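A.B. asks: As a plain string of letters, each chain reads:
Protein chains: 2
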Amino acid sequence: MTVTEPASDQAIVALLRARVPGVSTDPAALAAHATDRSGAGAPGRPVALVRATSVADVQETMRLAHAHRVPVVPRGAGSGVAGGALATEGAIVLDLSAMDRILSLDPLDEVAVVEPGVVTAGLDAAAREHGLMYAPDPASGAFSTLGGNIATNAGGMRCVKYGVTREAVLGLDVVLADGRLLRTGRRTVKGVAGLDLTSLFVGSEGTLGVVVGAALRLRPRPQTTLTVAAGFADVEDAAAACSAVARERLQPSLLELLDRATLEVVDRAQGTDLASRGGALVIAQADGTGAHEEVEALLAVLGKEATWSELALDEAHAAELLTARRLALPSIETFGRALIEDICVPRSRLAEAFRGVEAIAARTGVAICSFAHAGDGNLHPIVSFDAGLAEVPAPVLEAADAIFALALELGGTVTGEHGIGLLKRDWLAREVGPESLAVQADLKRALDPHLVLNPGKAL
Amino acid sequence: MTVTEPASDQAIVALLRARVPGVSTDPAALAAHATDRSGAGAPGRPVALVRATSVADVQETMRLAHAHRVPVVPRGAGSGVAGGALATEGAIVLDLSAMDRILSLDPLDEVAVVEPGVVTAGLDAAAREHGLMYAPDPASGAFSTLGGNIATNAGGMRCVKYGVTREAVLGLDVVLADGRLLRTGRRTVKGVAGLDLTSLFVGSEGTLGVVVGAALRLRPRPQTTLTVAAGFADVEDAAAACSAVARERLQPSLLELLDRATLEVVDRAQGTDLASRGGALVIAQADGTGAHEEVEALLAVLGKEATWSELALDEAHAAELLTARRLALPSIETFGRALIEDICVPRSRLAEAFRGVEAIAARTGVAICSFAHAGDGNLHPIVSFDAGLAEVPAPVLEAADAIFALALELGGTVTGEHGIGLLKRDWLAREVGPESLAVQADLKRALDPHLVLNPGKAL
Numbered sequence: 001m002t003v004t005e006p007a008s009d010q011a012i013v014a015l016l017r018a019r020v021p022g023v024s025t026d027p028a029a030l031a032a033h034a035t036d037r038s039g040a041g042a043p044g045r046p047v048a049l050v051r052a053t054s055v056a057d058v059q060e061t062m063r064l065a066h067a068h069r070v071p072v073v074p075r076g077a078g079s080g081v082a083g084g085a086l087a088t089e090g091a092i093v094l095d096l097s098a099m100d101r102i103l104s105l106d107p108l109d110e111v112a113v114v115e116p117g118v119v120t121a122g123l124d125a126a127a128r129e130h131g132l133m134y135a136p137d138p139a140s141g142a143f144s145t146l147g148g149n150i151a152t153n154a155g156g157m158r159c160v161k162y163g164v165t166r167e168a169v170l171g172l173d174v175v176l177a178d179g180r181l182l183r184t185g186r187r188t189v190k191g192v193a194g195l196d197l198t199s200l201f202v203g204s205e206g207t208l209g210v211v212v213g214a215a216l217r218l219r220p221r222p223q224t225t226l227t228v229a230a231g232f233a234d235v236e237d238a239a240a241a242c243s244a245v246a247r248e249r250l251q252p253s254l255l256e257l258l259d260r261a262t263l264e265v266v267d268r269a270q271g272t273d274l275a276s277r278g279g280a281l282v283i284a285q286a287d288g289t290g291a292h293e294e295v296e297a298l299l300a301v302l303g304k305e306a307t308w309s310e311l312a313l314d315e316a317h318a319a320e321l322l323t324a325r326r327l328a329l330p331s332i333e334t335f336g337r338a339l340i341e342d343i344c345v346p347r348s349r350l351a352e353a354f355r356g357v358e359a360i361a362a363r364t365g366v367a368i369c370s371f372a373h374a375g376d377g378n379l380h381p382i383v384s385f386d387a388g389l390a391e392v393p394a395p396v397l398e399a400a401d402a403i404f405a406l407a408l409e410l411g412g413t414v415t416g417e418h419g420i421g422l423l424k425r426d427w428l429a430r431e432v433g434p435e436s437l438a439v440q441a442d443l444k445r446a447l448d449p450h451l452v453l454n455p456g457k458a459l
Numbered sequence: 001m002t003v004t005e006p007a008s009d010q011a012i013v014a015l016l017r018a019r020v021p022g023v024s025t026d027p028a029a030l031a032a033h034a035t036d037r038s039g040a041g042a043p044g045r046p047v048a049l050v051r052a053t054s055v056a057d058v059q060e061t062m063r064l065a066h067a068h069r070v071p072v073v074p075r076g077a078g079s080g081v082a083g084g085a086l087a088t089e090g091a092i093v094l095d096l097s098a099m100d101r102i103l104s105l106d107p108l109d110e111v112a113v114v115e116p117g118v119v120t121a122g123l124d125a126a127a128r129e130h131g132l133m134y135a136p137d138p139a140s141g142a143f144s145t146l147g148g149n150i151a152t153n154a155g156g157m158r159c160v161k162y163g164v165t166r167e168a169v170l171g172l173d174v175v176l177a178d179g180r181l182l183r184t185g186r187r188t189v190k191g192v193a194g195l196d197l198t199s200l201f202v203g204s205e206g207t208l209g210v211v212v213g214a215a216l217r218l219r220p221r222p223q224t225t226l227t228v229a230a231g232f233a234d235v236e237d238a239a240a241a242c243s244a245v246a247r248e249r250l251q252p253s254l255l256e257l258l259d260r261a262t263l264e265v266v267d268r269a270q271g272t273d274l275a276s277r278g279g280a281l282v283i284a285q286a287d288g289t290g291a292h293e294e295v296e297a298l299l300a301v302l303g304k305e306a307t308w309s310e311l312a313l314d315e316a317h318a319a320e321l322l323t324a325r326r327l328a329l330p331s332i333e334t335f336g337r338a339l340i341e342d343i344c345v346p347r348s349r350l351a352e353a354f355r356g357v358e359a360i361a362a363r364t365g366v367a368i369c370s371f372a373h374a375g376d377g378n379l380h381p382i383v384s385f386d387a388g389l390a391e392v393p394a395p396v397l398e399a400a401d402a403i404f405a406l407a408l409e410l411g412g413t414v415t416g417e418h419g420i421g422l423l424k425r426d427w428l429a430r431e432v433g434p435e436s437l438a439v440q441a442d443l444k445r446a447l448d449p450h451l452v453l454n455p456g457k458a459l
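Protein sequence lines correspond, in order, to chains Y and L.
Everything in the first sequence is counted per the working numbering, starting at 1 for the first residue and increasing by one.
Everything in the second sequence is counted per the working numbering, starting at 1 for the first residue and increasing by one.
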């Protein structure tokens, strides 16, 4: 057999075993690495799982895949919710989660160099020891990996002040489709030598290369973080209050909005009585040296239309105020399966987005709980349904489609921080248009001519 | 004549005139649009100048250039210092500076949509009316255009806190090499639908497309900005003090360092006596709600090793403290021609960088004044020489080369914020390596198969 022709699944596995340790074809292992948190089933059966422990493992895997036109699905913790890591037919699943070392952390340069399998919260904890933080904080940060965060350009609650993953990535080591190792970017804060390849790989969902290392920017950890919460009669008053925060040029480090449906589900699951106190909840934080002054300003602005508002006097109280936000998704998932949607609109349109989603819920008869990173206009409408159903019911899909249409109608995007993955591909085309799709396809072919990297996803 | 074959210069001009208004072949106009602030001569004579006033003008020009394989050199104000806008032989010079309208400025969404010829400081002034700012502030901001800033991913003094141009660009309208109009990105703060084409065009120095519009992120304008200055015995003490600022996790909104040679030239040109007060000067600012507390902390940290330090008590005093920095380059240019270099090193290596540049000046006998955006590790060694000389003297070129080598040796880059342009192309290869060059060439070919966009630059 030459190394440039398609081979049978068995032959592929044999070739893999000859080159890479950590190859498994155990059905249970394959099944465990075929899905993610999207809740969707894998569209096909993979031929093998490779648990990479070195850059060389990844290079060998890609060389073989490139030569034999075998699809490769890279994955980290499988915490994605858009289906980007779902296994596809005949694919090699390439698990990077065992490459989990923090290789260096320079407290003066405020740069960490990591392998892709490092857990997000683990890096943040390591940074904390030096008075630093890793700013991007996706909700899945306790188990998501940095490689996955980079692949999806993950967001989180702190992004409203500190930016998303892209802003934290200085440089990458990437294994290309043909196994070449590419270093992008630099270890300095600034630098403009050559094209910005780093940003091209960030958010590319495993379609252009496999991230095997990253130089990440850390930031000073604020010594003071203060929390306020305010209840509102309805979601429109709450959204108006969030707009007022922007209009007053305040810069909260967190600004979250929960609608009535969310509060009611949290109450049901947790035994709280949030919904009795108002039809919408806003939680805000200010941090840094100006935190006291800023949180007073936040309280004044939010308090204007609020039915109640309070400032957390200590950390326990602050944690309590944040509980509803933290438990929103787990509470919803207590009662059913959830499609976690993720639209982003210009923040001046946030009230319209909430109203539009409520109308979609009423029209389709589907349960939708919405909460938002309000400071960014990033809304998560969670469409839930009976977990016992074999398939996603038609009205649920109809509601999801209507939510995407709403996002575009309001000048927004179908995904603020989760990615296109498998589930939103049709909508990508509607959002970005044919010229952009054509350019993206050209770039994809330039980097992965045999289209082996995560085919059928993202692009 | 078919439209897919090379044509004579005369034929090209005739075709241009038939399709686009604003075509000039006047030798004086061509000469005026052939150079930039690099001080280097244009490597060739252009065939025509197109003063674009619409997207359609740019599309028509590119369609023609693509069909006839005519090089196109896009330019804004010509304020670049790396030679990116120098005219080349047989090229159409495409001047975007007349497309200078701010199309919209949304104070609530904090987004401005602009044409490429808007002057940087003009947008900042427009934003100021709404309590906002356009954060990137290149030294040339009073005359540079936003299109040029985007093409070079321009930096500035505020970048240490607010990020470079890339962080301010939400989306672009780009005319591709073949005349297609591409819209990238979005008008929302967050969004991850598809590849990050926006970042690919930012900093690409006119080699991948012509930016004809941009959605730019504005930020709240700090209501308070406080300024301190401190003198040091030498540049090493000053660099150590800047390191201490980082170590204490302070986040100045400006942190500049000037060496003795710079202070002496400013004194000579302006009649000041800065050098008599110390061998190095550090200027720092803090802004925002925590400014008072932060500036006190800055003063305490800088004051430790300083020979003197002071806090500006009013705006006039602050302006006076900043004068030396503002006048550094003009002062140097009073006495000769200047090569404006632009290396960036991990900020922990800043003292070594200053020391290394001093050693290069001593070894080559060339005058080098250095000042730095110290908070970013971004050092500008200004190599100056007799303006009457017809050619750059060999020791000056030797010094420049040694400075680039030093940057790489210290783990840095040959350009922090000015770009590769024409002058640093050899060094790009040494910095990024063959894999990166190959990938950049592949991407270039994917977007500009006939290599008509700013050939010979940047890549």
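To be clear, the hints were calculated from the coordinates, so they are not data collected in a lab.
Worth double-checking, as some hints may not be accurate.
Heads up, simulated SDA-like pairs for lysine to any residue below, C-alpha to C-alpha not over 20 Å straight-line [to be verified]: (1) Y:Lys-161 <-> Y:Lys-304; (2) Y:Lys-161 <-> L:Arg-217; (3) L:Lys-161 <-> Y:Leu-299; (4) Y:Lys-304 <-> Y:Arg-247; (5) Y:Lys-161 <-> L:Pro-107; (6) L:Lys-161 <-> Y:Gly-163.
Since we're looking at a predicted model, the values are computed, not measured.
A.B. asks: Work down the list of hints and note, for each, if the structure agrees.
C.D. replies: Outcome of the hint check:
With a C-alpha separation of about 23 Å, the suggested pairing of Y:Lys-161 with Y:Lys-304 is violated against the 20 Å cut-off. Under the criterion of a C-alpha separation no larger than 20 Å, the hint pairing Y:Lys-161 with L:Arg-217 is consistent with the structure, at around 13 Å. For the hint pairing L:Lys-161 with Y:Leu-299, the CA-to-CA distance comes to about 26 Å; that exceeds 20 Å, so the pair is violated. Proposed proximity of Y:Lys-304 and Y:Arg-247 is supported: the alpha carbons are some 14 Å apart, at most 20 Å.
For the hint pairing Y:Lys-161 with L:Pro-107, the CA-to-CA distance comes to about 18 Å; that is within 20 Å, so the pair holds. Between L:Lys-161 and Y:Gly-163 the alpha-carbon distance is near 12 Å, which keeps this suggested pair within the 20 Å criterion.
Taken one by one, the earlier hints fail for this structure at numbers 1 and 3, listed in ascending order.
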